[in-house]
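K.L.:
Residue-level listing of the chains:
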Amino acid sequence: MKSQPFITVVLFLLSSLPLFGQEFYEVIDQQIEQSTTEAFAGQSTDSEFLRRIYLDLIGQIPTADEARKFLSNTAIDKRSLLIDQLLQDPRYTRRMTEFFNVMLMERRGEDPNWQLFLSSSFKNNVPWNQMVKQMVSPDTKEKNTRGAAYFLTKRLEKYGQNPTDFPGLARDIGRMFLGMDLACAQCHDHLFIDDYKQADFQGLFAFINNSFIRRDTDYPAIGMNPVKVKLEFNSVFAEGTFSTGPKLPGMDEIPVPEFVTGEEFSIPPNKDTKAPGIPKFNPLDYLARQLPTESNQSFNVNAVNRIWFLMMGRGIVQPLDLHHSDNPPSHPELLQLMGQQLSEHNYDIKWLIRQIALSKTYQRTGVVNPSVANAKHQQYRVYAEKPMSAEQLMWSMLTATGQLSHIPREPADSEPDTDQPLDDRIDQTLEGIRADFLAAYANPPREPETEFAPSVRGALFILNGPRVLSWLSPRPGNLAELLNQQADNYAETLYLSILSRKPTSEEAKQFNQYISSHSNQAKAIEQAIWALLASNEFSINH
Amino acid sequence: MSRSQTNHPLCKPGEHTLSRRQLLGTGAAGAISWGGLGGLINPLVADDMATREKQVLFIWIDGGMSQLESWDPKPNTQFGGPFRSIPTSIPGIHVSELMPKTSQIMHKLAVDRGVSTFDNSHSAGVPRINRGDPKDRGVIYPYFGSAVANLMGPGNSGLPPYVWVKPGSGGFKYQDAGFLGPKYGALAIGEGEPPPNILLPNNIDAQQNMERNALRTFANKQYSESRDTIFSDAQNFVFDTAQALMQRQTLFDEPDPKDVQRYGDTPLGRDMLIGRKMLEAGVRFVKVNSYGWDTHGDNFNAHASLMPRFDQAFTAVVEDLDERGLLDHVLVIAMSEFGRTPRINGHIGRDHWPEAWSIAMSGTGIKRGAIIGNTNDEGTWVTSEPHDIGHFFHTWFNALGIDSEHTEYINDGQPLPIANDDCSPIRELLS
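These protein sequence lines map, in sequence, to chains A and B. With my numbering applied, the first sequence corresponds to residues 1 to 542, in that order. With my numbering applied, the second sequence corresponds to residues 1001 to 1431, in that order.
The hints are simulated quantities; they were obtained by calculation from the structure and are not laboratory data. Note that beta-carbon positions come from the ideal geometry of N, C-alpha and C, so glycine has one too. There's no promise every hint is true.
[What the hints assert, rightly or not] Here are some of the chain A residues that sit facing chain B, going by a computed Cβ distance under 10 Å:
| # | residue |
| --- | --- |
| 1 | GLN379 |
| 2 | VAL382 |
| 3 | GLU385 |
| 4 | VAL456 |
| 5 | ILE462 |
| 6 | ALA487 |
| 7 | THR504 |
| 8 | GLU507 |
| 9 | ALA531 |
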């Protein structure tokens, strides 16, 4: 394989590079800064950092009170204290659940068992290798984690008139856990990517092509038909027939054992309970053993690349699922080091997020000055803007407007809130709100959400949709009410509540004058709230 | 072999999906010139004929119209079916008796009866035809509408460049855009309904709307001053498009009853009428969709019912465009994914037949009255030079003033021909 010598060199370098008691975030900065001689932007302002870290770690902006408290805090270590505080916040679990759900399922659908798997995993900071193990070989006895099977079962569901998409599932295992999109190597060696061979795709395919969705459970569960022979395949380009057992790229092929007919099952199918048989040889067991392991470089590198993407808005390998020698990482050494460190830290996602958050690279300002104008994103010389997900926009708008406190807590308790009648056509439960935000901002199923893709649909939603407009009028404890009770200084409340910063004097003048000179002040307040919610500064994570 | 690869559902490698910078690069540049007009566009601008830009009306007949019951009748032959042929406004040229109105405007049309394509399945054939069957370069090519939206831009109407008028659901349909990215997808008008949230709520009047947007614009200016503007420009672009749509709510008004009578009180008539309004408003590419043409059973009764609806709506729109001087600016295309088998099956139906069928067109760049291509007496095979969809993409691009043989998309550094490079324009169809 072409990349082999290259990896060897890097590993050699790594072995001569001990950390010398450095914290890993210092290594990150060293690696980033030594990669170019050009200038870097300075540190972010406190409000820049505050908004960014809230959005990235707990999926929403801070409240005005939280912003005031942080901005007035003079402690030197207030940033690292905030990072640690947010990593312990229950909303960290929610944020990671939402992020990984979107990333792993790509808006294919929702399932409560899957949600439970994700949320209990992030709540308990379950190591990534263990989570992946559960996804590819779920244990039906574990209530909290068996929903992990949804990763497999949802992809085996038929949609439209398409046949069961086994190739798509094999492809997604490669994309999500190895950072390799082998789709084009299904029928032939990849035309442009020398590293991607047809045998790699077919080896992955052989792990799952005998699997099926179990119909005897009320939770997602995967069954496996006995695998009796190796998988045969032809190339549309090369002559001859080839065969493979289950095999991960760069690893040994798993031999397919032979069984006498009737002896394939350790537990035969049960006709009464409709429980499928348990075959003695289940390729998914081997996948769970081989895929999420320290020795699997691609697995480690893919994991850190996706966490880096979460924090930095792009991967060190970009696109995230095209890791190969002709699409080299922007910082190969850093990527290898991070992968090694993650496995040494027992695949502790929270540890890695914390290290990145503590780095100067993450805390750099997004404000562009002439010395960093036109800096390439992959140089990280200035902090690059990130798109906000439908969920981040939802939680942030709920927080900014103060509507959050008016949502019925439990579905059972979803009686209409009668503090003040809202437009009664609007379902103000979290489910109703979420459905609207997804319709306005989420990508269609099977489209990765890794790029900034603003849409007219989203613009019309905020311009005219009843959803957000219904949150702008005064209700107990909300932003509009607060502003209506004020006599001046509207701008400061507006900016701290919505943009998590104090207004400049020009901004203060503009907004204060607009509201105080308006013939209908209540209406002017609604307009001002709306304008900042609809602004680019609000809808971009910067 | 390579054909099946072209449309392989899995063959969409991410290296060809646009990088962030590319997605926004070209789009943002467009947004700067276009977005500046905001919601304040004067509707009259688009009606200025002197500066009118080229547009497309693409009529998609989903399921497969029978060429024998339409453009290429073979009465009194083994497979001809029960319908007669009638003379047209071009001496010596006949069409099926199911299109009497069309027969009278034949001199305004061009028809190629020598179409020969390859895929006879809906699932692969539809995308293949719509993408112009480019050679496999490992990317998903855009449908014609997305291609035109990208190559020609939105024009100065302020409206989205690609509007799809159809029965069923509306909304924002990304799927047609392929590697060009979601931005070049279609805005779909379903059941004649406007897109969601297009109406300004009752409790916000025009003055208030102006005020709140002025505040938003102020805030955006403050933010952009010290930022890379790529994201902001893209974001401003979608707001401007949204506001331009809001300015054109009349596009969704109840139609004039006289128009309804002329176009037909049918879904196709309704959608063709909306399509005409969209073209008049300056939309670059309008796709009008008719469903239900997959007549494997009872082909003749089905066509007896379907064809008059097409005949009426199609004739009305061509006549209207011509009357308004728009036919000199609008390329009109009417086509299916394939024709239907000459052989009549056991269910008195016709199956899929890509081997020999017809495509009709009119308007800008097209030679009116050019009826070209021939099939044999039974209509089973093309006897003239067969034309694949790749030839038509070349022809249409050239009709729109795009040199299809020397224009390329650049996708992540990879140059990609805009039409199949084994094909070339059909000169007999071009004016």
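K.L.:
With reference to the structure, classify each hint as holding or not holding.
P.N.:
Verification of the supplied hints:
Using the Cβ-Cβ criterion of 10 Å, the hint placing GLN379 of chain A at the interface with chain B is not satisfied: the shortest such distance is roughly 13 Å. Taking 10 Å as the C-beta contact cut-off toward chain B, the hint placing VAL382 of chain A at the interface holds, the least distance being around 8 Å. Using the Cβ-Cβ criterion of 10 Å, the hint placing GLU385 of chain A at the interface with chain B is satisfied: the shortest such distance is roughly 5 Å. The criterion of a C-beta within 10 Å of any C-beta in chain B is met by VAL456 of chain A, whose closest approach is roughly 5 Å, and the hint holds.
Checking ILE462 of chain A against chain B: minimum C-beta separation of about 9 Å stays under 10 Å; hint holds. Annotation: ALA487 of chain A was flagged as interfacial toward chain B, and the flag is violated, the nearest CB pair being 20 Å apart, outside 10 Å. A distance limit of 10 Å between C-beta atoms decides the matter here; for THR504 of chain A the minimum to chain B is near 7 Å, and the interface restraint holds. Annotation: GLU507 of chain A was flagged as interfacial toward chain B, and the flag holds, the nearest CB pair being 6 Å apart, inside 10 Å.
Evaluation of the ALA531 of chain A hint against chain B yields a held restraint, the C-beta minimum of about 3 Å falling below 10 Å.
Of the numbered hints stated above, those contradicted by the structure are hints 1, 6, listed in ascending order.
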